[in-house]
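A.B. asks: Residue numbers (the numbering used here), protein chains in the order written: chain F, 28 to 401; chain P, 28 to 401; chain Z, 28 to 401; chain E, 28 to 401.
Don't take each hint at face value.
Same chains, same names: a pair is fine if it fits in one copy or spans any two.
[To be verified] In silico EDC-like links for lysine to aspartate or glutamate, alpha-carbon gap of 20 Å or less:
no. : residue 1 : residue 2
1   : Lys176    : Asp226
2   : Lys230    : Glu289
3   : Lys354    : Asp133
4   : Lys230    : Asp101
5   : Lys230    : Glu203
6   : Lys354    : Glu290
7   : Lys93     : Glu119
8   : Lys216    : Glu348
9   : Lys126    : Glu244
10  : Lys93     : Glu289
11  : Lys126    : Asp101
12  : Lys126    : Glu102
13  : Lys216    : Glu204
14  : Lys126    : Glu88
15  : Lys126    : Glu66
Just so you know, the hints here were simulated from the structure itself, not pulled from any lab data.
There are 4 protein chains.
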Amino acid sequence: MSHNTFGHLFRVTTFGESHGPALGCVVDGCPPGLALTAEEIQAELDRRRPGQSRFTTQRREPDAVKILSGVFQDERMAAQVTTGTPIALVIENVDQRSKDYSEIRDSYRPGHADFAYDVKYGVRDYRGGGRSSARETAARVAAGAIARKVVPGMVVRGALVQIGPHAIDRAAWDWEEVSRNPFFCPDAKAAALWADYLDGIRKSGSSVGAVVEIVAEGVPPGLGAPIYGKLDAELAGALMSINAVKGVEIGEGFAAAALTGEENADEMRPGNAGAPTFLSNRAGGVLGGISTGQPVVARFAVKPTSSILTPRASVTRQNGETDVLTKGRHDPCVGIRAVPVGEAMVACVLADHYLRHRGQVGAVRDWPLERPFG
Amino acid sequence: MSHNTFGHLFRVTTFGESHGPALGCVVDGCPPGLALTAEEIQAELDRRRPGQSRFTTQRREPDAVKILSGVFQDERMAAQVTTGTPIALVIENVDQRSKDYSEIRDSYRPGHADFAYDVKYGVRDYRGGGRSSARETAARVAAGAIARKVVPGMVVRGALVQIGPHAIDRAAWDWEEVSRNPFFCPDAKAAALWADYLDGIRKSGSSVGAVVEIVAEGVPPGLGAPIYGKLDAELAGALMSINAVKGVEIGEGFAAAALTGEENADEMRPGNAGAPTFLSNRAGGVLGGISTGQPVVARFAVKPTSSILTPRASVTRQNGETDVLTKGRHDPCVGIRAVPVGEAMVACVLADHYLRHRGQVGAVRDWPLERPFG
Amino acid sequence: MSHNTFGHLFRVTTFGESHGPALGCVVDGCPPGLALTAEEIQAELDRRRPGQSRFTTQRREPDAVKILSGVFQDERMAAQVTTGTPIALVIENVDQRSKDYSEIRDSYRPGHADFAYDVKYGVRDYRGGGRSSARETAARVAAGAIARKVVPGMVVRGALVQIGPHAIDRAAWDWEEVSRNPFFCPDAKAAALWADYLDGIRKSGSSVGAVVEIVAEGVPPGLGAPIYGKLDAELAGALMSINAVKGVEIGEGFAAAALTGEENADEMRPGNAGAPTFLSNRAGGVLGGISTGQPVVARFAVKPTSSILTPRASVTRQNGETDVLTKGRHDPCVGIRAVPVGEAMVACVLADHYLRHRGQVGAVRDWPLERPFG
Amino acid sequence: MSHNTFGHLFRVTTFGESHGPALGCVVDGCPPGLALTAEEIQAELDRRRPGQSRFTTQRREPDAVKILSGVFQDERMAAQVTTGTPIALVIENVDQRSKDYSEIRDSYRPGHADFAYDVKYGVRDYRGGGRSSARETAARVAAGAIARKVVPGMVVRGALVQIGPHAIDRAAWDWEEVSRNPFFCPDAKAAALWADYLDGIRKSGSSVGAVVEIVAEGVPPGLGAPIYGKLDAELAGALMSINAVKGVEIGEGFAAAALTGEENADEMRPGNAGAPTFLSNRAGGVLGGISTGQPVVARFAVKPTSSILTPRASVTRQNGETDVLTKGRHDPCVGIRAVPVGEAMVACVLADHYLRHRGQVGAVRDWPLERPFG
């Protein structure tokens with residue numbers, strides 16, 4: 028599939044520019060009969076919505092979602108449900124500030140997609156970044172809200188684990204803490220430190236990078252497939268497709284390079300329910316591209332926003348010399364709002380693989396395995 | 028596309044198990060008229076071939092490739108060329124040692140795909156790892172040899188930059204050095220140190236991880252596309268699909284998380300040929316998912332082989348307790364032979380995006396850009 | 028691609044139900060820089076719009092299209108153009124009559140998709156046929172209006188060539204006539220006869236089938252590809268996907284079965300412009316799945332609408348016995364409005380193949396062919 | 028998917044030229060645990076094999092298939108089974124007669140793909156038709172042999188129902204007869220008449236067209252999906268992709284155009300097993316793109332082979348005037364051997380849709396339908 032679609036059986040196609048009339052997505056392949064309301068999707072969108080603290084862009088977008096198709100309820104039905112047909116979701120843009128864009132119309136913000144879009148397409152909607160704006164991720168979060176319903180029992184959560192050079196103390200990880208601070212931070216002490224640090228960044232008109240960690244629990248074993256359908260390969264592609272992401276890890280990730288085989292092996296012992304118990308999860312829940320039943324753990328690095336107040340050397344569309352600085356409303360750390368986006372992408376990939384597994388193999392396999400075929 | 032195919036216009040489908048009769052691939056969508064011989068493909072395969080030093084598995088496989096279709100030459104033609112039809116490549120397995128596999132038939136190597144394949148499919152070809160064996164990567168290298176010919180002027184090279192805890196000195200990087208040592212190491216001093224270190228690992232029956240870096244030069248600007256067709260997203264997916272890979276980075280990668288916007292911006296100045304010159308390449312040649320014309324730089328982390336001599340706790344297929352150790356021929360550092368594999372994957376993704384760009388946009392754009400459409 | 032998307036580089040995803048808030052599509056992969064306005068799309072939609080004569084459904088839908096994304100114009104540009112990003116089009120439903128659907132809620136119109144949707148999904152939006160309504164084809168026509176712009180010089184036209192048992196006189200074919208009667212009929216005499224015939228059908232509450240012919244001129248040679256990417260195979264799939272279509276032909280079609288090789292061969296002679304001239308076009312412009320440069324000719328058969336006034340034997344959802352008849356607004360010959368839909372599908376398939384050919388091969392080949400590669 | 032692959036979850040990629048070393052396919056996505064031997068595949072290939080009567084080409088190809096991957100059996104297993112990994116099949120070409128091809132190297136057989144391949148690719152393997160040869164269909168038949176095993180209880184059979192102007196008497200249809208004559212003809216009298224007729228065609232060096240009918244019984248209801256994933260749309264595409272096919276029908280097909288809604292409706296009554304019984308099958312087992320549980324009935328028209336002894340006007344590659352006639356071994360009616368090919372394509376499409384349905388919906392639905400979701 029090319030361009031603006033991802034997934035195979037659970038397929039998401041997104042559209043929309045930052046300052047166009049609307050953005051949205053079409054979710055195709057969602058199983059029928061899942062209860063689904065606009066309010067549930069809205070709840071996820073609200074977690075990503077800008078302007079909720081001083082640490083994100085002050086653009087005021089309600090991000091109100093409308094469902095245009097794919098759900099149905101009549102007077103005899105207890106709930107609105109999906110029908111198996113494509114679910115179209117639309118979010119209108121309402122706070123596009125009319126302003127003079129002549130400054131960025133013909134010059135390129137260093138580190139931004141401005142240049143690349145122009146060199147590829149020869150024309151671009153430069154207002155607010157156009158298609159390359161992080162506003163597009165609202166459509167992903169909306170799709171993710173549907174994806175979360177596809178795999179029974181699956182829970183996908185995310186957290187910010189590093190801002191600039193400041194990482195959390197993993198021993199202090201508390202999922203409850205994530206919703207108590209404006210950073211999705213699972214470590215209360217780190218959150219306090221980050222608030223001070225990010226105030227400095229924000230006031231100086233600078234920006235900074237971050238690292239996000241996503242954990243999916245309740246993932247059935249057996250999802251994924253050799254060789255290019257590997258679960259971790261598709262997770263990596265999905266997370267790298269988020270704006271500003273420059274690196275992706277599964278489980279130990281880059282740290283695995285420094286380990287020996289003895290250290291890296293996740294040992295197993297017979298478990299209570301007849302299924303094996305893993306004694307560690309360095310693999311991040313994926314072996315050979317296939318889920319093991321352990322939590323799936325992925326991390327991704329988000330680079331600092333390229334929209335900063337300090338002038339940087341650049342060129343114009345006509346190859347002239349210029350210096351560029353960006354005023355206006357921007358996230359000092361775009362990694363913060365990437366947390367619900369990362370959750371959405373992981374949920375979509377897992378929903379897709381769940382349906383693909385059910386298609387090829389029929390069902391999640393029971394344990395212990397019988398000797399088949401003989 | 029699902030399972031065992033990757034790419035959209037330049038499409039590669041691989042097949043084969045470690046101890047089956049043969050493995051190979053079908054390359055579909057290769058442009059017609061490219062000169063191509065089996066010898067050229069063989070040359071790439073020989074770089075990945077096992078048994079070339081004491082630091083890789085001692086399995087003796089000639090990895091001799093045959094072209095079954097998709098090329099043609101008659102008596103009036105100066106060279107054998109591609110015809111635009113699918114190119115099927117087959118590599119026979121010749122050194123599958125017949126032995127008793129009863130030990131691993133019903134128990135799982137910790138950290139290996141054994142468990143995951145069984146829980147997914149209920150049956151697996153356990154001989155030599157079956158489909159999950161790194162032997163599959165020979166097919167990727169063969170496909171990559173064709174991909175290298177698709178983008179005019181493109182050169183894709185790779186190097187090992189870390190083994191276990193020992194990274195190279197990047198200041199000492201010398202591409203010439205890569206072919207002079209058994210590690211694809213661009214730093215002669217590091218290579219010497221690695222030889223000692225890896226001898227220790229090898230003799231103890233252990234294994235260790237590594238980091239590989241791939242650099243593609245001569246990549247035209249404009250390749251890639253929003254949003255799920257991003258060049259970096261597809262590179263990440265392709266590299267993460269290589270056996271044992273646990274992390275992928277583009278450009279600065281995870282280090283970008285600790286940078287400010289000022290530090291991360293790749294400044295630009297008008298260049299000689301009418302096109303802009305970048306003053307740095309923290310982006311790794313990709314902005315907004317689209318190539319900038321700078322070298323594309325990707326790194327990936329390879330975990331240590333799970334086949335080690337030290338017993339590890341595990342379970343049997345019947346959920347019984349067991350300890351597993353692996354005798355036999357294995358790579359102490361599977362990351363070494365991953366270098367040509369990584370090159371091949373990067374070449375395939377770039378070839379695919381080159382054709383997709385040519386399809387959607389028509390041609391690589393000239394610089395400076397004209398004001399279009401008005 | 029599955030479900031609700033078609034095309035590979037020029038990709039169309041449609042959504043929407045007959046009585047939901049809206050229907051529409053996302054066109055992904057359209058080349059940048061094509062002039063495009065909502066008015067141009069509207070002009071095509073108006074050709075398909077219901078209620079324009081007494082021979083189509085009296086549902087009053089303006090079918091007003093809005094472009095939500097993928098186009099741009101600023102004050103320096105002479106026209107609004109495509110940007111290469113996805114083009115989302117939305118058409119609101121405004122004339123869904125609120126009525127009691129309890130009759131068809133739990134029983135199935137024979138010959139209609141009611142039964143099949145229920146047995147597949149277990150739930151369906153039965154109002155007005157839901158997703159299976161021919162209203163979905165408005166989205167196709169809108170996408171087709173964009174597709175028509177992709178291939179330079181291509182013109183796609185259609186005509187109705189048979190209603191019920193009454194075929195046109197092919198010798199009387201006049202393209203000018205097509206827009207002069209309410210049937211898209213190229214034969215004035217036949218149109219007059221059809222008006223009488225169809226009045227009878229309409230007044231009796233019956234319906235009747237039809238045959239549509241689509242002709243695409245200016246199709247460059249070389250579009251299409253072996254084996255499942257054959258141009259005629261994808262045309263057949265695209266046309267058969269239109270509501271109520273039961274047969275598809277290319278060129279001579281089923282009549283070719285009765286011909287000998289001598290009769291069927293389209294002989295060739297050297298032409299004026301250096302390219303060969305075909306002396307006939309029994310092939311319908313496609314040989315070996317690849318366009319020859321001759322007009323591409325396709326025909327498809329449309330069955331009679333299943334919504335009729337005469338009661339037919341059926342069952343209820345609970346497997347009870349019932350008889351079904353359909354009151355309300357319906358097309359007595361749904362084949363009439365299928366003409367612009369067929370044109371749209373042919374235009375989309377040709378646009379897609381044009382981009383795919385440009386991607387794989389680079390450009391349409393000049394003639395006479397040089398001896399390549401030596 | 029493009030070019031040489033078809034299917035989505037059950038995916039077939041074919042390769043190979045008529046006079047290259049081998050042809051074959053990779054079947055990806057086949058469920059694990061299906062008993063499968065090379066002998067079973069061979070049995071299907073033998074039905075399509077040339078040279079079995081005087082009415083097919085006298086090329087002597089054993090069409091011996093080898094399985095290179097994707098199956099496994101050990102000493103404890105009662106049968107060789109599929110493992111869920113890609114199944115590669117190879118058939119070597121052994122009877123490529125070495126001869127002088129200079130006649131067709133630079134001139135085009137009217138009605139053949141020679142011209143189209145040259146104009147598309149600029150180079151072609153002209154020996155025996157290269158990639159456009161009907162030999163490619165051997166790979167399809169091999170894949171179909173696997174597809175037949177995927178849907179429990181499904182039986183796919185085909186028959187030749189017309190040769191030239193001579194159709195069978197449908198009242199005389201006897202499936203047993205199909206294997207008793209060299210035409211796959213279900214009507215003994217017609218078979219006798221055809222033998223005489225085709226002897227005349229054959230001796231005069233001419234060729235003739237045919238119509239093939241495929242019937243799939245035991246197809247569960249619910250397979251297929253709106254809108255471009257319609258079962259009949261994908262059947263049409265698959266059948267039109269077979270060499271020389273120019274038309275495809277489902278159920279009544281083109282005859283439906285002449286029917287009224289009353290005539291065309293397949294009435295239903297409550298059936299014995301709780302499921303409805305259809306009183307007719309004009310729909311050919313598909314409504315709204317979804318299978319109804321009735322037999323799926325498809326027909327396709329095959330044009331006469333373009334290789335004939337009578338000279339036809341043509342051009343050379345250099346646009347010179349020439350006349351072309353074809354000596355050598357060819358099928359006087361290529362439609363005969365298209366019967367097992369059509370069966371294979373139908374089996375593959377149904378297998379794919381079965382897996383896709385299982386993926387999206389979970390399972391074939393029980394009857395009578397419960398009121399879901401409340």
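A.B. asks: Are the hints correct? Go through all of them and say.
C.D. replies: For each hint, the structure was consulted:
1. Lys176 - Asp226: The answer is neither: 37 Å in one copy and 51 Å across copies each exceed 20 Å.
2. Lys230 - Glu289: between (48 Å within a copy, 14 Å between copies)
3. Lys354 - Asp133: within (16 Å within a copy, 60 Å between copies)
4. Lys230 - Asp101: neither (53 Å within a copy, 33 Å between copies)
5. Lys230 - Glu203: neither (29 Å within a copy, 48 Å between copies)
6. Lys354 - Glu290: The answer is between: 18 Å across copies meets 20 Å, while 49 Å in one copy does not.
7. Lys93 - Glu119: Both: 9 Å inside a copy, 13 Å across copies.
8. Lys216 - Glu348: Classified as neither: same-chain Cα gap 45 Å, cross-chain 42 Å, threshold 20 Å.
9. Lys126 - Glu244: neither (45 Å within a copy, 40 Å between copies)
10. Lys93 - Glu289: The answer is neither: 52 Å in one copy and 39 Å across copies each exceed 20 Å.
11. Lys126 - Asp101: between (46 Å within a copy, 13 Å between copies)
12. Lys126 - Glu102: between (48 Å within a copy, 13 Å between copies)
13. Lys216 - Glu204: Answer is within; shortest intra-copy Cα gap is 10 Å, inter-copy 48 Å.
14. Lys126 - Glu88: Classified as within; 17 Å inside a copy, 37 Å across copies.
15. Lys126 - Glu66: Neither, since 33 Å and 27 Å both go past 20 Å.
The structure is inconsistent with the numbered hints 1, 4, 5, 8, 9, 10, 15, although it conforms to all the rest.
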